[in-house]
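Peer 1: Line order of the protein sequences matches chains A and B.
Here our numbering is used: the first residue of the first sequence is 1, the next is one more, and so on.
Here our numbering is used: the first residue of the second sequence is 1001, the next is one more, and so on.
Hint data in this document are derived by calculation from the structure and do not stem from the laboratory.
Possibly wrong hints are sitting among the right ones.
Below, computed lysine-lysine pairings styled on DSBU-like, alpha-carbon distance capped at 35 angstroms [what the hints assert, rightly or not]: (1) A/K218 - B/K1404; (2) B/K1494 - B/K1022; (3) A/K23 - B/K1032; (4) B/K1494 - A/K121.
No experiment lies behind these values; they were computed from the predicted model shown.
Residues per chain, in single letters:
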Amino acid sequence: MLESKGIRLEHISKIYQDPKTGKDFKAVDDANLTIEPGSFVTLLGPSGCGKTTTLRMIAGFESPDEGEIYLGDQPINELTPNKRDTAMVFQSYALFPHYNVFDNVAYGLKLRKMDKDTIRKKVMDILELVELGGMEGRMTNQLSGGQQQRVALARALVVEPSVLLFDEPLSNLDAKLRVSMRTEIRNIQQRVGITAVYVTHDQSEAMALSDQIIIMNKGVVAQIGTPQEIYYRPKDAFVANFIGEANFLQGKLVSREGHKGVMRIYDHQVEVENVEDFAQDENCTLVLRPESATIETEGQLPCEVIMSCFMGSYQHYHVKVGDVVVQITDFNPRYKKIFQVGDRAYVKFNACDSHLLKTV
Amino acid sequence: MGDGSFTISHYLEKEEVGMASKSKSASLDRKKLLSDPVMVGMIVILLVFLTLFICYPLFVLLIDSVYTEGQVTLDVFRRVLSMQRFRQAFGNTVVLGLLTSLLSTLIGLLFAYVDVYVKVKNKTVGRLFNIVSLLPVVSPPFVLSLSTIMLFGRSGIITRSLLHIYDSNVYGLKGIVVVQTLTFFPVCYMMLKGLLKNIDPSLEEAARDIGASRMKVFGTVTLPLLLPGIGNAFLVTFIESVADFANPMLIGGDYDTLATTIYLQVTGSYDSTGAAAMSVVLLSLTLILFFVQKYYLERKTAATLTGKASRARMLIEDKSVTIPLTIFCSLVAVFVIIMYIMIPFGALFKLWGRDYSLSWKWFDYLFKYSGFKAFKDSFLLSIIAAPITALLSMVISYLVVKKKFKSKGFIEFVSMLAMAVPGTVLGIGYIRGYANGIFHTGIMSGLYGTGLILIIVFIIRSLPVGTRSGISALRQIDKSIEESAYDLGAGSGKVFMTVTLPLIKDSFFSGLVTSFVRSITAISAIILLVTPQFLLITCQINEFAEKGYYGVACAYATILILIVYFSVLLMNLFIRFFGTSRKIKEEN
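Bound-form chain A, shown alone:
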C-alpha cells in the first residue's frame, strides 16, 4: 500500500494575459482547497473556469502568482514537476509512441533506478490491476482508446505517487466506454487508496467518481461539497444550474419557525424547509429540481401546461407558474394521469425537497 498525502491550496491565484486584448486576468482567483489524503476530489466547471490551470499548478507545470501549495505538509511551489510526488493522467493519454506498453509503464521506475526484476514485477502487477495482463509487448498504437487510457493510468500508478492527477482523461472516449472506465477508475483508486484530483466538465462523471466536488466558475471556487450537498444544497444559481436541471421561483419568506417556513410566490403560500439562513420577510428564490415535483389536480402552485412530452421513463412537462416556465419530469408515468397542453393543474412537491437561495 502506498502512502497517500493530502493537498492544500492556500490563497492560490494565477494571472494570465489575454492574448487578444493583452490585459491580465485571473485564471484562478484566491482558491483555498483542502484535499484529504485518500479522497477522490473532482474539479468541475465549464471550460475556462480555471480547473485545468489549478490541476497544472498542483503538478508544477504552471506557477501560481499568489499563495502556496502544500503536498502533505511540504510547500511545493518551488519544485519542478519531476521533483513533485504527483503523477498525471493526460487527456490525450500522452503515451510514448516509440515504446511498447511495458516500457511505457516502466519509464518512471527506470528513472528511479530500480533493478530489472523489481521493475518487471511491479509493471506486471500494475498491468494486471488495470486488466491489461498479457498486453505488455504491444505497441501503443495497436491498442484501443480505452486500453491506451489504462496504460496511462498504470504508468502513473506504478510510480506510487502520493497524489494522482487526472486531466479530463475520459473525454476522448465514446460515451459507453466513458461510463465503464469511470467505474474502473473509481474502483482502482479505492483499492489502492490513493489521493486523486480529477478535472472534468462532465457533471455525471464528477457525481459518479467523487468524494468531494469542487465547482469552479470564472476562476473562483463556487462550492465545495459531497455530490449530495452540491446537488441538493447548491450555494448559488450557477451551481444549481450547472449540476442537473433546476427551476427558480422568486418569492418572499413570510414566516419562519425553526428550519421550517412559509414562502409567498405569486400570492400563493408555500411551505418550505431549510430556511435557517433567511430572515422574516426576506426576498428569496426557491430551487426546485424537476424530478422532485409532480403535476396533480391539487397542490401548492396553480399552473398551466404548455408542453407535455412522453420520454419513456418519464413524462416531460413545461408548465407556466405566473410568468415563469417550470420543468417537471414525472417518472414512471404509465398509470398516472397525463396532462395535455392547455390543462390547468397544480405543481406539487414536498417541503423537504425545497431549497432556498438568496435573491440577488
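Based on these hints, arrange chain B on the given structure of chain A.
Peer 2: Showing chain B alone in chain A's frame:
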C-alpha cells in the same frame, strides 16, 4: 480635476498589484528553471555560442566600418561608396537578384501548378519532377556553372561542336541568371507546391460553378490566395541570389556582384575595412528582405492558406492545357538533368571541346596532386560538424517549442537570422573578428586559421535549416507526451534524450545528413577563412575552374556529387527502416 487624478492613481495602483503578483509566478518559473542544471547549461552554451559566432562577427563589421583610429566616422563608407566598382557591383547585384528571383518564381510556379493541378499520365514525367525537386538538396554550388560553360562556352559542346560558333560568350549577367534560375527554381517549386496543395478545391469549384472560365478562376481565386506565397518565394530566392558567391565567381566574368567584390577586396586589394563596409551594405540588403519575408509575408501566407484541402482535386485533363505545360516543364527538367550528367563526362573526356575520347587522366591527375588530402579534409571537417549541428538544432527547436524562458526569443531569432547572413559577410566578420582575437585584443586569436573555425562556420551555416525542420517536427508532437515524462520524474535532459529525440529521430537524421551535405559543398564563407594547411574540395573546384582546368574541376565535382548522393540515399534508407514518424503518423 480631482476625479481624474483619482482614476489615474487608482488605475496605477491596480496595475501595480497585477505586476507584483505576476512577478511571483515569473520568479517561481525562474527558480524551477535554475534547479534544472542540464537545461541551464544548455541555454548558457547556446547563448555564448550564438553570441560569439553570429552576433559578434556581424557587430564587428558594423564597428569596423564606422570606427577608425579612436573615433566614429563615416569615412570608410564614404570611401567605399565613391568606388565606381562598388556602385557598379551594387547595381549588378540588385539587377541579378530581380531577374533570377522573377524567373525562378515563374518557373517554380509553373512546375507547382502542373504538379498539383494537371493530370499527367506519363510516369516518367512524374519521376523527372521528383528528381528536379531533389536536386537543390544534393547539388554542390557551381556545378551548373561548370556545365553551362561546358555546354555553351567557347569550347562548349553545343556552341562549338554542334553550332560551330567559335566566339560564344556565356560569361556575365545572362550566364549567372540562367545558372541561378536553374539552381533556385526547384526551391520555389517546392514552396509553392505545398501552398497549392492547401488550397481547398471547393473554392475553385465554386467559382467554376458560377460560370468562371479556368483562366478566370486562376486569376481571381488561385492567384490571389497564392500571392503572399509567391512573394515569399520571390524574396527567398532574392536573398539566395544576392548571397550566392560561387556562381558569379565562376561564370560572372567581369559582371561583379557584391559577394564577389567583397571577396576580391580582401584577397586582391587587402582592404578588409573596405570589405567590412561593403559587407554591412550587403548584409543590410539581405536583412531587410529577410524581415519582410519572415515577419510579413510568411505570416500572411499562413493566414490566407490555413485549412487542409477537404478532398481530392479534379485534375485538369484538357489536352490544350496539359500538353504544352507538361512539355515545357519536362524540357526544363531534362535540361537540368543533362547539365548534371555533363559533369562526369567533363571528367572523363580527354579534352573538352577538342578530344572526346574517354580517359581516366583527370582523375589520375586529381589523386596525384593532393586530391586525397582535399577529400580527407573536407570529409573530416564536415563529418565533425554534422552531428554537432544536428544536435544543436534539435536542442534549439526543443527549447523554442517546448520551454519558456527569458532568452528564448533571442535564441530563436539569432539562429534564424543566420539564414539571412550571406556566407561572404560571415567570412569577413570572422576575419575581422578573430584574426587578431576578440575586439583585436588577442583573446581567442588562436582560433583563427584552425580547422575549428571552419567547423564552426559549417555549423553556423547549417543551423537555421536544421532548426527550422526541428521546429516543424516538434510542433507536431503533443506537448503532454513530454510533460508526462517530466511529471514521472525525468529532468529536462532526460526528457530530451528519452522522449523528444527518439520522436524526432527522422528530423534529427535528415538534419545530420543535410548539414553534412551543406558543409561539404560550402564555399562562400569558407574560401575566405581556409588556410593552406587545409585543402577543401569546393575550393579546389573553384581554383581549377578559374584556371580553366575543367577536367579536374569536373572530376572533383563528380566525386563530390557521388558523396552527396550516397549520403542522401543513406538518409532515406535509415528513415525507411528505423524512422519513427511512420509509426506516429499511423497512430494519429
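Peer 1: Does each hint hold? Answer for all of them.
Peer 2: Hints versus structure:
Between A/K218 and B/K1404 the alpha-carbon distance is near 26 angstroms, which keeps this suggested pair within the 35 angstroms criterion. Restraint check for B/K1494 and B/K1022: the C-alpha separation of about 30 angstroms stays at or below 35 angstroms, so the hint holds. For the given pair, A/K23 sits about 26 angstroms from B/K1032 by alpha-carbon distance, which is consistent with the 35 angstroms threshold. A threshold of 35 angstroms between alpha carbons decides the hint, and for B/K1494 with A/K121 the separation of about 24 angstroms falls inside it, so the pair holds.
In this structure, none of the earlier numbered hints is contradicted; all agree with it.
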